[in-house]
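Each protein sequence line maps, in turn, to chains A and B.
As numbered in this note's numbering, residues 118 to 269 make up the first sequence, in order.
As numbered in this note's numbering, residues 131 to 285 make up the second sequence, in order.
Treat the hints as calculated values from the structure; they're not laboratory data.
Here the structure is a predicted model, which means the values were calculated and not measured.
Among the hints, erroneous ones may be present.
If you want a taste of the chain B side facing chain A, the calculated C-beta under 10 Å gives, among others [unchecked claim]:
{"id": "1", "residue": "Pro171"}
{"id": "2", "residue": "Pro173"}
{"id": "3", "residue": "Tyr259"}
{"id": "4", "residue": "Arg262"}
{"id": "5", "residue": "Ala272"}
For each residue, glycine too, the CB sits at the ideal point set by N, CA and C.
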Amino acid sequence: MKDYLTDFFRFNDWANRLVLEKVSEMRDPAEAVRLFSHLIDSQDKWMARIDREESADERPWFGPSYALEELSARWGRSLAAWIDFLQKLPEERLGERVHYTATDGKPYWSLLIDIALQLNYHSIHHRAQVSLLLRKQGIEPPFIDYVGYTRR
Amino acid sequence: MSELSTLIDELKSIYDGDAWHGPSLKEALAGLTAEQAAARPVPGAHSIWELALHIAAWKGVWARRLEGDPTSEPEEGDFPAITKTDDKSWGEALARLDGAQQKLLGAASELNDSALKQKVAGADYTVEYMLRGAARHSVYHAGQISLLKRAFGRQ
Chain A
118 MKDYLTDFFR FNDWANRLVL EKVSEMRDPA EAVRLFSHLI DSQDKWMARI DREESADERP
178 WFGPSYALEE LSARWGRSLA AWIDFLQKLP EERLGERVHY TATDGKPYWS LLIDIALQLN
238 YHSIHHRAQV SLLLRKQGIE PPFIDYVGYT RR
Chain B
131 MSELSTLIDE LKSIYDGDAW HGPSLKEALA GLTAEQAAAR PVPGAHSIWE LALHIAAWKG
191 VWARRLEGDP TSEPEEGDFP AITKTDDKSW GEALARLDGA QQKLLGAASE LNDSALKQKV
251 AGADYTVEYM LRGAARHSVY HAGQISLLKR AFGRQ
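Extracted from the complex, chain B is given alone in its bound form (with noise of 0.2 Å):
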């Protein structure tokens, strides 16, 4: 198996696969109500639907560098705000995620092995160093957001 595909079998697992580590993002944020999303059980802390724009955010951003855009930050802002949150405003915002894990997949499936070790556009890492932080990102929030979960009695 190359390189390039075991890092993508990494982020599809970490996002929705079996994990292993722990839950994957999705079984994190499965069966939430809009309202358990947007509360902050953790003052000071972020809520779980600010933690999954946030992962959006970034994950545009990694596809939008992979496509060659040297786009440093996200342009909805690191945690982009939330203006609504009734339950179809929290289907949208996993709709969001979905569609920015997608555009990852999709733009790091175009790359091949000898592209990993290409400096990023825009940066002085490499791809490699990039996808692997990524993957890294989702743990550490899918992390978070399972601990969060817990303050509405759901494991």
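With the rest of the complex left out, here is chain A (with noise of 0.2 Å):
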């Protein structure tokens, strides 16, 4: 399961920067910057909390947006963090709790394996909004089905 979750997200890296290429034609890319940036503060808030940052829970989800010109670095910033964390953890840590606070300020938890499966569906869900946005500008979305990948 650990190499299918590293496989999962080094597939999402490859969609997102194809996507994010095209971005950089946009006339008006702000709801795609904001989108990508949502992305990239997800996965680091998640990792924040997994290593037990102090105020992992106060990380906004939705922060102000990245400059586009910062936005490939800073996602293979938190692609490696996750990328790196999952190529050390051994497999029978994937069922491990992790316990946060949720905005509505209860305490729950998730497992690693959850969390991980989620912000991978949770790029194709927005990677699929901000290729509906290039669309929008009449601009062509790059092909970023996963047989692409594996066809690489």
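Using the hints, put the two chains back together into the complex; each one sits in its own frame.
Put into structure tokens, the structure is as follows:
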């Protein structure tokens, strides 16, 4: 499962970077940049929770948008932290609980495996929206199906 | 929990459960009128109705493949034609999607963990690969649908 999750993160990296290249061609990239920033913030917030960073729960899901030129490097750092974490993690720890306080102020826990899965589905969800925003501005979205990733 | 049951749970939650990553597909489709579903708020992009039928068609293909039928494309087409756009037809489209989801879950529940590693009928990839792809497919289009809905003032 660890290998599957690592591959899922790498697929999203490949697809997100292809989409990001197109975002730089948009005449109005603000919403796409906001969604990409949100993907980075979400990955970082969950990693901070796993690391038991004191202020992890106060980190925003939607912080101020990053500059378009910064997105690629910030995304890369965020992703590298997850890949590195998964590579060092023994398989059996995927079933461990991560404790946190949600925005409603209540304590919750989630399994590491579910966090990693939902982050990747979350990436697909918003990437689909960015692709639609590209089309709205007359830009053909890139081909980002998983089969394209496996054929690289 | 077995790998298969984890995967079936994912397929369920992405369709109509607590999807966590965003709205489930059913949540994204909820409360839309036929007129909204048939509208094309982004020129050149598919309508919500077309996306719903596209997802249903592919769920049907995946279910048939699980049953051993090496079908490659939906018989009704990648994006099935929409002949009528009244409320009754929209209800039927949603029912078709529900039926396809149930068919896929039914076929998947007949499997076991070792079947996940076997090749899909007529394909060069495994059952697990196909079902993971099925989950991602729904997530992707639910993301599009939830953005298209904003054109009608629905979040």
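So, going through the hints one by one against the coordinates:
1. Pro171: Where the cut-off is 10 Å and the nearest Cβ of chain A is about 9 Å from B:Pro171, the hint holds.
2. Pro173: Hint holds; B:Pro173 Cβ to chain A Cβ min 8 Å, cut 10 Å.
3. Tyr259: holds, 8 Å
4. Arg262: At 8 Å from the nearest chain A Cβ, B:Arg262 passes the 10 Å test, so the hint holds.
5. Ala272: holds, 7 Å
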